[in-house]
Every structure is written in C-alpha cells, then in structure tokens.
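A.B. asks: Chain A is already provided as a structure; the job is to place chains B, C and D with the ligands on it using the hints.
Protein chains in written order, with the numbering used here: chain A, 85 to 376; chain B, 8 to 322; chain C, 8 to 322; chain D, 4 to 497.
Wrong hints could be hidden among the right ones.
[Stated by the list, open to error] If you only want the chain D side, here are some residues facing chain B, beta carbon under 8 Å, derived:
1. L306
2. P326
3. F336
4. E343
5. L358
6. I369
[Said to hold, decoys possible] Coverage of chain B stretches by chain D, computed from C-beta distances (three or more under 8 Å per stretch; other residues unrestricted):
7. 191-200
8. 208-220
Because the hints were derived from the structure by calculation, they are not lab data. Since this is a predicted model, take the numbers as computed values, not measurements. Each residue gets a CB set at the ideal place from its N, CA and C atoms; glycine is no exception.
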Amino acid sequence: HQQTKSNGEKLPVIGASMLSLQSEFVVNVKDAMEARAKEKNVELIVNDAQRTAEKQVQQIETFISQKVDAIILNPCEVEASSPAIAKAKAAGIPIINVNSETSATPDGFVGSRDEQAGEIAMEQIAKLLSGKGNIVMIDGYMGQAAQIKRAIGAKNILAKYPDIKVLAEQTAEWDRAKAMSLMENWIQSYGNKINAVFAHNDEMGMGALQALEQAKLKDKVIVVSIDAIADALQAVKDGRLDATVFQDAKGQGAGAVDMALQLVKKQPVDNKEVFIPFQLVTKENVDGFMKK
Amino acid sequence: MIAGKLKQASDIISRYGIFIAFIVLCILLSLATPHFLTGQNLLIILRQVSVNGILAIGVTFVIITGGIDLSLGSVVALTGVVAAGFAHPGTYPLIVPLLIGLFTGVVVGLINGLVITLGRVAPFIVTLGMMTIARGLALVWSDGRPVSNLSPAFNFIGGGDWLYIPVPILLFMLVIVVSYILLNNTTIGRYIYAVGGNEQAAKASGIRVNAVKLFAYIICGGLAALAGIVLASRITTGQPNAGIAYELDAIAAVVIGGTSLMGGRGTVTGTVVGVLIIGVINNGLDLLNVSSYYQQIIKGVIIIGAVLLDRRNAK
Amino acid sequence: MIAGKLKQASDIISRYGIFIAFIVLCILLSLATPHFLTGQNLLIILRQVSVNGILAIGVTFVIITGGIDLSLGSVVALTGVVAAGFAHPGTYPLIVPLLIGLFTGVVVGLINGLVITLGRVAPFIVTLGMMTIARGLALVWSDGRPVSNLSPAFNFIGGGDWLYIPVPILLFMLVIVVSYILLNNTTIGRYIYAVGGNEQAAKASGIRVNAVKLFAYIICGGLAALAGIVLASRITTGQPNAGIAYELDAIAAVVIGGTSLMGGRGTVTGTVVGVLIIGVINNGLDLLNVSSYYQQIIKGVIIIGAVLLDRRNAK
Amino acid sequence: MSENYLLRIQHLSKSFPGVKALDDIHLDIEAGKVHAVMGENGAGKSTLMKILIGMMTPDSGSIFFKGERISFHSVHDAIKAGLSMIHQELLPFPDLTVAENIFMGREPRLFPGWINRNKLNTDAKKLMNRLGIPVKVNRKMNTLSIAEMQMVEIAKAISNNAALIIMDEPTSAISQKEVDTLFGIIRELTANGVAVIYISHKMDEVLQIADTVTVLRDGKWIATKAAAELNKESLINMIVGRSLDNIFDKKQIDRGEVLLSVKNLSGNGFKNISFDVCAGEILGIAGLMGAGRTEIMRAIFGLDKIRSGSFYFKGKQVKIKSPGAAMALGIGFISEDRKETGLVLSATVKNNITLSALNQCSNNYIIGKKKEAKIADDQIWKFNIKTPGRNQVINYLSGGNQQKVVLAKVLLRDPQVIIFDEPTRGIDIGAKAEIYRMMTGLAATGKAIIMISSELPEVLGMSDRILVVRNGEITGEIDGEGATQENIMQYAMG
Ligand SMILES: Nc1ncnc2c1ncn2[C@@H]1O[C@H](COP(=O)(O)OP(=O)(O)OP(=O)(O)O)[C@@H](O)[C@H]1O
Ligand SMILES: Nc1ncnc2c1ncn2[C@@H]1O[C@H](COP(=O)(O)OP(=O)(O)OP(=O)(O)O)[C@@H](O)[C@H]1O
Ligand SMILES: [Mg+2]
Ligand SMILES: [Mg+2]
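In isolation and in its complexed conformation, chain A is listed as follows (with noise of 0.2 Å):
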C-alpha cells in the first residue's frame, strides 16, 4: 500500500504511536507531524495508544512487522514503553521519542522534561503569592508519567518555600468536570483559606477557574496550570487563569518527523537530544502564544 514518487522510489514511511489523541496537546502534536509530513513527502502512520503502554508496545511490533523505515514514539510510560524501544532498535528500525521521554534511551529525542512544567508553574505561584501562602494540588491521572513529574516539578519547587502549605492534593484525573466537583468541595471545607491553585492540567485548571468564579472567590485565589490549550490562553488573555505553561506542540512534531527522516536518509544528525523548554504564559506575553 506504500505510494511511490513518480520516479518509482519508495516513499520513506514513519510509523507513529501516541500516548492519546483524545488530548488536545497530543493531537496538536500528531497535526503538527502530519503537516511537516506532508511537506516533507514521506507517509506518516498515525496509531492512538489510548493511554496504555501494552497497546502502545503493540502498535510498534506492529510497525515492526510493516517493516515501517522509521518510528516516532510519544510515550505512555516512562519505564513500560520502554519494551518498544528495544524492539525498534533490535530490528535496526530508527525510533525517536517525541513529547516525553523513556527509560530506554531511543536514536533520538525532540521534547521537554515534565517536571520543568510543574516548577515553572509552580514558581509563578510561588512569585504571585510572595512565597507565603496556602495552596491545593489537582493532579493528573495517579499513576501516569505526566502526572507524576509534574507533581515531583512542583515538590522540587515547594521545598524552596516552606511558607507555602499545601491544603490538600486529589486527583481529577485530567477531567474538566471532575476538578469543577473537586474543587467545589474544597470550597466547602477550606473556604476563603485557599490562595492558590496548582492544576496539572488547562483542562483540570479550568474547571477549578469555574468553580471558583461560581463561588465568587476568583478574585482572592490564584490559578495556574498546564498546557496551554486553546482555552486557557484565552482564559489567561481575559484575565480569569493566572498563568498556564505552554509546550511547542508545533516545534517537538515537526522537530520530530525531521529527525526522524535524517535517520532513515542516514544523514548526520548534530543533535540527538533536542530539548524544546516549557515557557511561562502569563496575561503579558499571551498574545504571542495564541498565534501559535
């Protein structure tokens, strides 16, 4: 089914598997690979992992049995992709990591480290409330790696202010709804003693943005969160979210499938491990995010 150049040659195909495109950030992702792709010229397979590392080691056997001439692996796992990896590599097939990174050391890597998120956010917290204060945490789904190096970013941040008390820590895993409940709830039994919000991510900070406007204690309470989805810009532009913490969707899928065709055409690749930082969203550089 491989489509060929006029001149007959083959088409490099790039098999990819991504950690969900229920995610609004990892389909900004995949679109950001398919554009480059298409420029580009190679076919670019796209599988969803729905969030579970063993369909995530499936679908890269699966490539493997194409015989596919590159893999771009945005993994579940740290640890439990990993297994892919050393498939790819043991089949002499390229892999590179995009997004988030494994265990497993792949042929190439175009992402960020999640813990920076959790201390960018959580300095700015940290600067809007002058280092005194007491916050709630609203964590992604337990157990999952964005969730925990966010929260361990966050931690590292914290243990620089012991003036900061954190109230309470819950999942919402990552569900605007859920954190809306949560967050109203906490309304409940901390009241007006609540002066920030650490959300891992826009969707979750969102909701807690809601409940908090419906309670009337916007005003008093910071929020912050993750992501930079097209919502929360706005938010952050109309000054309801305090901040949010944008990763270059664009940059990590077009960095990723380049490296990747460099890979296959054997070309030298001068870096190897291209780290595209997080970058602070505050009300006065939104602008520049929300063309993007």
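C.D. replies: Below, chains B, C and D with the ligands without anything else, positioned relative to chain A:
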C-alpha cells in the same frame, strides 16, 4: 423457595434498607466534618449528582426491561460536542443546540433498541459496541478537541440558577417526577415491568414487547443527551473525552437503589437514593481530604456495604 | 415451547456462526493488506491477545454461573504491582513474585465470591466496588508510581520465547486446555453450568451452589492475576494504572463467543474465537492505518456485526 | 420411637408473612407403602415436603427419619440421607442434556471429580428403558415438552435409589399413558421397600395407588385414613369439608352461531387442522403428550407463526398475527404453562390480573389506581384466590392459586372464544368444580370454549364435542354423548 421466603421478608425491610444506609452515611459524615451538613454543601452535592442522576434514571428504564446500556458515557460526550457545535455565541437560538443534542441521543437510543429487538443481540454487546461507536463519532465531530466558546444562554443550563436553585437540580427534579409517573401510573410503565419480569408472559398478554423495549432505550438515550448537554454547559465546553465510565456510576446507582439487573423490579426513588449515596461519598471524602488512593478503597467498601444493608439485591 | 424449538435450531447454526464471522473478517483483512496474513503478524496477534485471552477465559467461568466480574482490570494492575514488588533483580527467586501475585488474585476472587454468595449482593455491584478497591490498593502499594527495574527472569514471562513461541502464547494455550477440560470433563464443570442454568434446580439437586460460585470467582481472580503478571512482565514494570477497562474487552470477547450473560451456556472455544476477533480487529485497523477516531467506530460496528451473525446471543 | 415408621413428623409448624402454611402437623410414613397427602390449594402440602427435603426450615416441630431426629440444612444432606423429591414445579437445566439432568449432582465418575460420560449416558438410557420413558437421553432439556420434562424429573428422582421418594403432583402435566408408566414404577419401588409420599389432586389416582391418605386443610392436619376404607365421595368430603354432588355440572346449551373456525392450519408441530367452534359449545381436545395441541392453540392465539391456513371469526376471514390481534377479536388463551407464558412471577397478584386489561382502568395512558385495585379485589374474591392481599408477589402463591390468577386474568377481558389449555392442572377438587361451573356458565352466556386436556374424565365430563389430535393432526371427532375412554384412546394412539 427458602430464598423466596427470605426475599419476601427482606422485601419489607428493604423498602427502607437502602434509605437507612443513606441516613447512616449522612450522620457519620456530619459527625466527621462540620462542612458536610450545611445548606450550601447539600446544594452543591445535588448539583454534582444531577448529571449522574439523570443518566441513572434513564438507564433504570432499560434495566427494568432486563436490558442494560453501556453507551451512556459516550453518548454524554457525543451529544455534548454536537450540541456545543451549535451553541457558539451569535449563531443559532438556544433551542437549536438543545433539540439537535436531544435528537442525537434519541437516535442513538433508537439504534440500540432496534439492534437489540429486531437483531436479537444481547443488550450488553450492542451497547458496548455503541460505546466505542459514539465515542468515535464524538472525536470525529470535534476533531479530538474541546468545542468551546459557547453562548451565555447555553452555559446557563449547567451554570445558572432559577429562583436561587441551580438549573441542573431543577432539571434533575423534573426528570424524577416525570419518570416516577411514567413507571407507576401509566400503562407503558406497567408494560416495562411486565416485559422485564417475563417476556413470554408479556407477549401472551398482548403486549408489544419490542415496542416497549424500544421505548425504554429511547428514553435512556434522550436522558443521556440531556445529561450530556447539562455537563457541556456546566463545564462551558463540549469535551469529546467527557463522560468516560459514567455508565458505571449510573448503573451502580440503579443497582444500589434496589433495581434488579434481571429485570422486572426497580423504582425511581431507589435510583435517586443510589445516586445520592454515590454523590455523598464523593463529596464527603473530598471534604475529609482523604488521599486519592484511599478514597477509591473507601468508596468501593461503602458501596458494597450500603448494598449489603439492602436485601433487595439478594439474588 | 416453540421458542425452545427455534433455540435448538439456532444452536446448530450458531455452533459455526461466530467462526464464520471470524473467517470472513480474516479474509477481508488479508485482501485489504499484504501485512496481515504473514506468519510474523499472526504470531504478533496471538501474543497481543494473550492477556485479554487469559482474562476472558477466567470471566467465562463466572459468566456461566450467571455472574459477572468488573474488577478484572484493577486486579490486573494490583497483581502486577504486587508481583513486580518482589521481582527486583537479586531479591527473591522467580517463584516468589509469581506465587504472591497469583495468591493476591485468588484472594480478591475469594472475597468477591464470599460477598456475592454469603452476602447475597448482586455480582455486578460487588465486583464494581472491588474494581475501585483493587485500583486503590494498587496505588497504595506502589505509592502511585510504576514499579520498575525487574529481574530478567521475571521479564522473560512476558517477553521471552520458548521453542520460538512467545511465552505468553504458551501460557494462553495452557489456560485454554485446562479450562476446556475443567468445564467439559469434570463434575465441578457440570455444576458451574447447572448453577447458571437454574439455581433453584441446582439446589434441589443437592449441589452446593455457593461453593460452586466461589470456585468460579477464585478461578477468575487467579487467571486475572496470571494476566496481570504477564502484562507487568511484558511492559517490564508494574503499572498501578494498568488494565483500565480491560474487563470490558474480556466480557465482550466472552459474549461474542456465544456465552449468555443470563448464565448456563457458554464454551471456552467460543471465548477464544471472541478474543481472536477483537485482536484481529485491533491489529487489522492499525495495519490499515485507519484514523484512530474511525477505528473506534468501525470496531464497534464489527463487534455488533459479528454477534448479529451469531444467533446464540439471541435473547 | 417405634422403628416400623420410616419417617415421623411431629408438631411441625411453619408460617410465612401473612400465612400460617403449616400448623402443628404430624405425619407417619411406613416403608414400602404409598402415603398420599391431599388438600386444597394452599393447604401446605408442598411446604411440608420442602421442609422434609431440606429446602425450607420449619419454625418448630421435629422430624425423625429411620428413628433418628434429623434437621436437614440443605437438600444435599437430605439426598445423602436417602430422600429424594419430584417437585411440583419443573426444575430443569434447560441447556443440559436429559442424561446430565437426571444424574446432576451424582454423576458416575472415572476418578474423583472426573465425569464418565459414556457411563452417564448408558446409565441414563438403561434407567429410561427400565422405566419405559421414551425420551432420548442426549436431547437438550429445552427441546422437551412439559410432559416429557416431567417424565425426566420422575426418572431423576428414582435414579438415586432413595429410601423415601416424595412426589409432589407428578401427574399434573402428563396424560394417562405416562400415568400408567409412573404407577408401574411406584409399584416396583414399594415392592422393594421404598416409601412414597404421593401428592395429587386426582381422586381416582390416589384411590388407585395409595395405601394411606392424609388430608391437610389451611395448614392443619385433618385426618389420616387407610385408602381401603375410602371412596371418592368420602375423600372429597375430607378435603373440602362438605360434599360436592356433581363435579361436572354439565348443562345442555343449544349451539349458537359459529364463532371461530380454522381452515387447513399448518405450522410448527401440526398440519392441515380444520375445525369450527360455536357459541355455547365446549369443544374438548384430547391427545397424548406431545401431540401438538398446545402448538395448535398457540398458533391460533398468534403466539407462533403459521405456515398456511386461514381463520374465520363470526364468518368473516381474519388475520391473527399477534396475541394482541387475537385478544382484540375476543379470543382468550389460558396457557398450560403458567410459569413460562401465564404469569409475571416477579409482579404482584393485582398487576398480573390487570396486565392484559388495563384499558378497563385507564384512559390507555394513565392508570386509575383505585379502579384497578377494585377490579383486582373483585377477581380475587370471584375466583377465591388464597393470598394475603392483592399486592402479594405471585411467586409466593401456591401452585393452584397461581393457576386461578391466570384464569382471573384472562377472563377479565370477557373474551368470546376461550382456549383452556390444561385448565385444571394442579387445581384442587373444590376449585376444579368451580372452574367447571364457570365453564358451563360461560358457555351458557354464549361463549365458545376450547378445552385441551390430558385428563380423560375431564374431557368426557365437560365436552359437547371432542377432537382427538395425534402428532399434529386431527385424527377423529366424537360427539360428547358417544365418547368413551376407549374410542378416544383409539384415535389418540392410532
Ligand atoms: N420448548 C420446546 N422445544 C421444542 N419442541 C417442543 C417444545 N415444547 C414442545 N415441543 C414439542 O412439540 C410437540 C408438542 O408439545 P406438547 O407436549 O406441548 O404438545 P401437547 O399436545 O400440548 O402436549 P400436552 O399434553 O403437554 O399439552 C412435542 O413433540 C414436543 O416435543
Ligand atoms: N415462599 C413463600 N413465601 C410466602 N408464602 C408462601 C411461600 N410458599 C408458600 N407460601 C404460602 O403457604 C401456603 C401453602 O403453600 P403450598 O405451596 O404448601 O400449598 P400446596 O398445598 O402445595 O398448594 P397446591 O396444591 O396449590 O400446590 C400458601 O398459602 C402459599 O401462599
Ligand atoms: Mg403444592
Ligand atoms: Mg400442551
């Protein structure tokens, strides 16, 4: 027979069993935290349960006929994104997204019903298939992204108050009343119980079994759509990945409420109590700030414990 | 009466119905892509289905007794992290994590069974509660983090080959054979069918109904544990969030295989075919590079379609 | 305790919410004898037996078996101790074979836990041959007719060589031929010292087979007499507490117009069936088990599809595609199988009675609760159904009372043509008389009645005209007067 005897005895207790469980739970929570038994918190609980409540009542109809609907959660997502798609400010009047959303849910219910009755496929498998189909459709429709920027009118459904009462609660109440009347005072309601109790006998009594089942699945789909709209409006965005596993909470509420999955038995009031129990657990454990890990353990234990108190579910 | 007659007729067709569906599916896929019908790919499919396969066979026992087990997925996670916890290199010999893992699953199954039989609570609700309990326990045990750095011996179970055949496949085969014999050639097997077919009659025949049910749930829990170990070993880590919604795929496979959720009917071979159908769909749609949104839609349609072809599921 | 009694029951009591099912009962059973237990519907017979077999525990009282006091906690213990029971309600495993059903719980084994299939089947075959029951042992249970299932249940109860076999209305679902087979078996058993407790509502049977008769009424012990000293009249007197002069009070009603006629009806289990039935007439339909009578009637009532043939109601041709259509025409069907097609067991007495006649207490949408309750109570009174109240779940009614509910339900619609399929199955003698009176009454008011029955006395006693069915075809038509057991059997067996 001995089972029968126990069952009858317990049928009497049980008319109160689950209520008792519920009261006990509330008392314990009021003792555990002062924040539980406040008017405001109770209002919040009601608002939080309204989505699951509407779903649970819908699936009660289906379960009484002896069926089941696992597609609820996905239908919530699908109807949510579809309705949201027509709810952007300055596009259509409010009625349009509402009708289109409800229509979508009704169609899904209709399809479920048709395959189950005419195709004679087990409801479990049909609705399980529909679960992934509807989820896929929601993702296709929304291209995997939240459908946001919705009109204030639309957001009023989930976020607004009317006479100081949140609209979701009012809708939930309305659904309760209408469903109660449907099941207890109408012929179709009686037929729903008959079909679930003994399909053969229902047929021999001149009841159009397939029509009755279709009715139940359509009601269920329609209410799932209502829940989807309320949810989308509450979170001011249509989420293609909303409502995952909502069907489980809904069915749990129904069973906790004493409706038999074998069909033929069940009440709206029971379902409402089941919904409240689940809602109170979630709210209470958050108030007590129990760690997420232990929350799940405790929630499971309480649910089983509540049902243990209620002998209606004895098989 | 006549219904009975029809049933008999369809029983004959159905013995082949689902096989036909399966063959048709395979033929279509072979025509669609050259990558499907390759020895390597078929091996991959078998390895991919082995976890779901082991789960599905386990829950077949429970479903034949007329019960259900929704805790499978969580038990996979729990047993995975528990076993992994004892499988770090240079700590214990391989047997230790295996036994402890299996034991954990058996205990969960035992508890499910006890509450269902002695507590006389609907299996749906008990195992739904256990679903969140086991998940919570998995998170507590692993402190919410993957349990990694496992011994090569342990990782061999899921990743290794023996006589060129991946170990998971061999384990799956073993489970198939043993379960087939259990259900067809042993008295306990007969009793499982009897209890599911007519509990009253089973009691009247002097069968210890509760003991039989307990047995079924224990088998189911034990096999869930085996699946959990295989999975943890395959992804070389115990994931507290592994196996989410696995129970649905497993139950789907069982029902596709013609086992009635009403109990009393069902076969291991049917379940195996059901498992293969689901596996082939997943593999095939990935091979064809169908966009993941449409994949879900198509998967749902195919599952319903396959069962439509098979009249055993006629209710 | 005197040893010559195999089983002694003393001061046994048991009550259910709203009912005292057993009140200080005592009963003595001798080995090698047939002890009949009789009584009206709801007298407590089945309850007593369920206690003996360990399915229920008594509130008070003691049971001695082989001289020792026993209290079974499960049927398992009872069977091990040497009891076995044919239950009033069929208890089949629908998806298992006849052989598996017979030996359920006692399968022959190759080694512990391992079934010996060949022995299972050959043993089952041997047993069925010995008992003279013509049912293939590898058939799935759900392909058997009720009568066939009943015979399998009998074989099952015999198969574990019990010292005491309880038979709770074993003949209610079978025809004379099988009854003779059963009696043969019973005689063989008693000859080998086995004791049999025999429950039945059929006087002739009891007088024919029993050595001793005990009568219960409303849960109380009324009397125990040697069968030899009893005749039909005295027996009825003991049971009902008064004398019933003429059970079949058959009146001559001159035939009215033809209400329903069927032409060349063919379908599943029957072919080219043609007959008329007139207003004021009772048309009896006789035949052996499995003759296909039920199938014919199911087709006429729109429950099963027909292959060919046509219906005429009051002279004009009609289509009957569903029970709804049949009922709209004014056809009523009282099924032979109350559990499968008669009742919604999980529903209350009231809801069952009104289920197919809700239009009488509703505007087709909203139900008038008061009206409905009144209708239900009237029917309960009219058919004098023993129940704590209209809201009792029907599952807990005695078999006979359940049957009465079926009648009350169907007749509530006041149908013009009424099909009675085994109408008095499991009904006590008093209620039987009522039902017969009801039938004649209905006929007198110009209804047409079709009565399927495997009880020849009933057929002979009630019918103006008798059709005999043999494997799906009408083999003879006999006028009510001219009919005798002999000529019916001739047509039935061919
Ligand atoms: N559920 C069933 N499945 C298949 N065949 C059946 C079923 N019920 C009855 N039959 C067959 O149909 C024929 C008629 O059944 P049935 O015994 O009910 O006839 P009948 O004349 O009504 O006998 P009865 O005296 O019991 O009313 C028999 O051959 C029987 O084996
Ligand atoms: N499980 C039960 N729960 C409540 N009441 C019951 C139950 N079983 C029987 N009864 C009541 O106990 C009484 C005796 O019932 P039983 O079945 O023993 O009567 P029976 O003599 O067998 O009548 P029949 O001749 O109709 O079979 C009846 O009034 C019945 O309604
Ligand atoms: Mg009885
Ligand atoms: Mg019949």
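A.B. asks: Hint by hint, note whether the structure agrees.
C.D. replies: Hints and how they fare:
no.: 1; hint: L306; in the structure: 6 Å, holds
no.: 2; hint: P326; in the structure: 5 Å, holds
no.: 3; hint: F336; in the structure: 7 Å, holds
no.: 4; hint: E343; in the structure: 5 Å, holds
no.: 5; hint: L358; in the structure: 5 Å, holds
no.: 6; hint: I369; in the structure: 6 Å, holds
no.: 7; hint: 191-200; in the structure: holds (count 6)
no.: 8; hint: 208-220; in the structure: holds (count 8)
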